[in-house]
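**Q** Residues per chain, in single letters:
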Amino acid sequence: MVLLEVTGLTKSFRGLKAVAGASFAIETGAIVALIGPNGAGKTTCFNLIAGALPPDAGTVVLDGRAITGFSADRACHAGIGRTFQVVKPFVQLSVLDNVTVGALHATRDVAAAQREAWRVLELLHLDHKAGQLAGTLTLPERKRLEVARALATQPKLLLLDEVMAGLRPTEIDEMVQVFRRLNRETGLTILLVEHVMRAVMALAHRIIVLHQGRIIAEGAPDQVVRDPAVLECYLGGAPA
Amino acid sequence: MSRSAPALPGRVRVGLILALALLLAAPWVAGPYLLSVLVLALYYAYVGQAWNVMMGFAGQLSLGHALYVGLGAYVSATLYLHAGIGPWAGAPIAALVSAGAGAVIGFLAFRFGIGGVYFALLTIAFAEFTRIGFEHIDWLGGAGGLFLPVVARGQLDIVDLRGGPRLFYYVLLALTAAALWLCSRLKHSRIGYYWLAIREDPDAARALGIDLFRYRVLAAAISAGMTSIGGTVIAFYYNSLTPADSFGSAKSIEIILGPLVGGLGTLAGPILGAFVLTGLGEALRALLDATGHQVPGATQLFYGLVLLLVIKYLPNGIWPGLARRLGLG
Numbered sequence: 012m013v014l015l016e017v018t019g020l021t022k023s024f025r026g027l028k029a030v031a032g033a034s035f036a037i038e039t040g041a042i043v044a045l046i047g048p049n050g051a052g053k054t055t056c057f058n059l060i061a062g063a064l065p066p067d068a069g070t071v072v073l074d075g076r077a078i079t080g081f082s083a084d085r086a087c088h089a090g091i092g093r094t095f096q097v098v099k100p101f102v103q104l105s106v107l108d109n110v111t112v113g114a115l116h117a118t119r120d121v122a123a124a125q126r127e128a129w130r131v132l133e134l135l136h137l138d139h140k141a142g143q144l145a146g147t148l149t150l151p152e153r154k155r156l157e158v159a160r161a162l163a164t165q166p167k168l169l170l171l172d173e174v175m176a177g178l179r180p181t182e183i184d185e186m187v188q189v190f191r192r193l194n195r196e197t198g199l200t201i202l203l204v205e206h207v208m209r210a211v212m213a214l215a216h217r218i219i220v221l222h223q224g225r226i227i228a229e230g231a232p233d234q235v236v237r238d239p240a241v242l243e244c245y246l247g248g249a250p251a
Numbered sequence: 004m005s006r007s008a009p010a011l012p013g014r015v016r017v018g019l020i021l022a023l024a025l026l027l028a029a030p031w032v033a034g035p036y037l038l039s040v041l042v043l044a045l046y047y048a049y050v051g052q053a054w055n056v057m058m059g060f061a062g063q064l065s066l067g068h069a070l071y072v073g074l075g076a077y078v079s080a081t082l083y084l085h086a087g088i089g090p091w092a093g094a095p096i097a098a099l100v101s102a103g104a105g106a107v108i109g110f111l112a113f114r115f116g117i118g119g120v121y122f123a124l125l126t127i128a129f130a131e132f133t134r135i136g137f138e139h140i141d142w143l144g145g146a147g148g149l150f151l152p153v154v155a156r157g158q159l160d161i162v163d164l165r166g167g168p169r170l171f172y173y174v175l176l177a178l179t180a181a182a183l184w185l186c187s188r189l190k191h192s193r194i195g196y197y198w199l200a201i202r203e204d205p206d207a208a209r210a211l212g213i214d215l216f217r218y219r220v221l222a223a224a225i226s227a228g229m230t231s232i233g234g235t236v237i238a239f240y241y242n243s244l245t246p247a248d249s250f251g252s253a254k255s256i257e258i259i260l261g262p263l264v265g266g267l268g269t270l271a272g273p274i275l276g277a278f279v280l281t282g283l284g285e286a287l288r289a290l291l292d293a294t295g296h297q298v299p300g301a302t303q304l305f306y307g308l309v310l311l312l313v314i315k316y317l318p319n320g321i322w323p324g325l326a327r328r329l330g331l332g
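Those protein sequence lines, which keep their order, are chains A and B. Going by my numbering, the first residue of the first sequence is number 12, and it counts up by one from there. Going by my numbering, the first residue of the second sequence is number 4, and it counts up by one from there.
Treat the hints with care, as some may be off.
Unchecked claim - Per label pair, the in silico range of CB-to-CB distance:
(1) A:G146 / B:G330: 19 to 27 Å
(2) B:L331 / A:G146: 34 to 42 Å
(3) A:Q143 / B:P318: 16 to 24 Å
(4) A:Q143 / B:G118: 43 to 51 Å
(5) B:F216 / A:R179: 37 to 45 Å
Hint data in this document are derived by calculation from the structure and do not stem from the laboratory. Quick reminder that beta carbons are idealized off the backbone N, C-alpha and C, glycines included.
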């Protein structure tokens, strides 16, 4: 079953086509990675799906419902949870309160939201920081907080925008385990933009490669990383 | 900043009970001058609390809150003078009118994406053209304003809110307590969490499903309605109201000083700030009078100085540091 279907997605900034007619689909329960060189249009793609930007053309369908051009809050209601590449913590609120805001999307009851926030924080190994102000967190912790907040909204589709960047290899492996477990246990569908190939190879069931706003390759991870076009524009090195 | 209501330590609880007892007894102990200072401090504590909802919680800087003070004053005074409707009914009506005005200004600003400094300018503009407008409505006394019938000294008419400083002291004390209770409830509710999220980062808040427009307009309406009730009470206390005194931009600034000095976004900050500023300002005036100096504008200069010092040395206001010392932080 297809959870997200994107067709002919296009967005230009002052004549520069950031995303040029991208079409792809994500099955329910899949983990899909969107990779490509800097400026390929990955984050713009995310912003178009999550409602942070309206597309010039194309459609976005989530779970059979057209959400094209939805505002970010309505996209969240439709079931999209997203993290920001440049993290946006609520710095003057505690870590627990940050996540509680997300959890209040699913329940109106503050106590219930706080319980849910604790659960998500434990999942991301942030529970020992719950009482601290988010502004005191390190960058890797802030990245985890982004994920926790988005997860707390109980999305159908989780969009992760470079949450592994700046993490140490052991921390990356830890995050990979968290997402695998979530995916296995709750069937959460994940679309991630990522440069850390260690994480991409460990997580993704499928990889989509974006270059200059177009999809140039798509398929199983071990196939995609051997694709000559991908090697040339992104991964580097001559094909063996 | 833990926001789940903490269990208060014993000595703080004792301190609070003592403070409350002192506040309740004050009008029977204090002389007329001290009582007038306390009335003023309570008034600024109350309107500061109301302003804090919009700026401290939802992050919307309003520099035109005198608009709602003025509407509260004029609507209830007009109802009383021209329709015989007393302030107990007039104040809620004025609050609804003000909440409507706040919502409309919020609607215009947020719908057209006017934020930050431009929003602040818009609030000043609305307060100013309302002031100028009221100066040209003869039916409302024009620039000379309205006067409420003064009662004989010592006479108490609670129904029409006619009486001496003691009556207004207790009314304002009750209002301040009610505002504190309401703000505490709001802050620990879903709405409060959403306001703080919007204040901290609108984009992130939006991605978590928060309808920014709705919650910002809500904050503006609640803040305006609350402020308006303060305007009604202060007009009936002074028995007179003029457009300059009610809607003037100096009034808008006086409203925001308390929360800024006490601690923006905190519950105790607006009250603490109002008492500290009013107390120090009056002490300075008394000192100058006693030494035979007449310095017009000395209090305003002093407020400016205090504000500078607070911004430089206590950018979060007095309360957060004090709370930590009291073991509440």
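**Q** Decide, hint by hint, whether the structure agrees.
**A** Here's how the hints hold up against the structure:
In this structure the hint that A:G146 and B:G330 lie 19 to 27 Å apart at CB holds, the actual value being about 22 Å. The supplied range of 34 to 42 Å is broken by B:L331 and A:G146, whose beta-carbon atoms lie about 20 Å from each other. Checked against the hint of 16 to 24 Å, the pair A:Q143 and B:P318 passes, with Cβ atoms roughly 19 Å apart. Look at A:Q143 against B:G118: about 29 Å separates their beta carbons, and that is not inside 43 to 51 Å.
The hinted window of 37 to 45 Å between B:F216 and A:R179 holds, with their beta carbons roughly 41 Å apart.
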